[in-house]
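**Student:** Sequence:
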Amino acid sequence: TTGMVVVASTSPEPVLLGSAMLGAVAAGAYKDLTGAMAGMSELGEVYHPDATLAGWHAKRFAAFELLQQASKAIRG
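According to the working numbering, the stretch in the sequence shown is residues 1 to 76, in order.
These aren't lab readings, by the way, just hints derived from the structure by calculation.
Backbone N, C-alpha and C define an ideal beta-carbon position, used for all residues, glycine too.
Hints may be right or wrong, so weigh each one.
[To be verified] Beta-carbon label-pair distances, calculated as ranges:
| id | residue 1 | residue 2 | range |
| --- | --- | --- | --- |
| 1 | K31 | T10 | 19 to 25 Å |
| 2 | A29 | S9 | 29 to 35 Å |
| 3 | T34 | F61 | 29 to 35 Å |
| 4 | L66 | T10 | 36 to 42 Å |
| 5 | Q69 | V5 | 28 to 34 Å |
Can you make the complete structure from the sequences, with help from the hints?
**Tutor:** Below, the structure written as structure tokens:
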């Protein structure tokens, strides 16, 4: 794990909300993305890292890296 606290959005469509924020900044409705985030969203649940799962995640990531290497080898 990253060891970082994660704060989720309350939005049911966070990807679409992010796109709308980028559009609002591009249109000049907000000076920057930080302002758009503050004005267009609210924070939801807070997730804290669980150190007991770090080893499990590390093993899964190692497996992912092996699969990526195998995929590259197959493609040549």
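**Student:** List, from low to high, the hint numbers that the structure doesn't satisfy.
**Tutor:** 2
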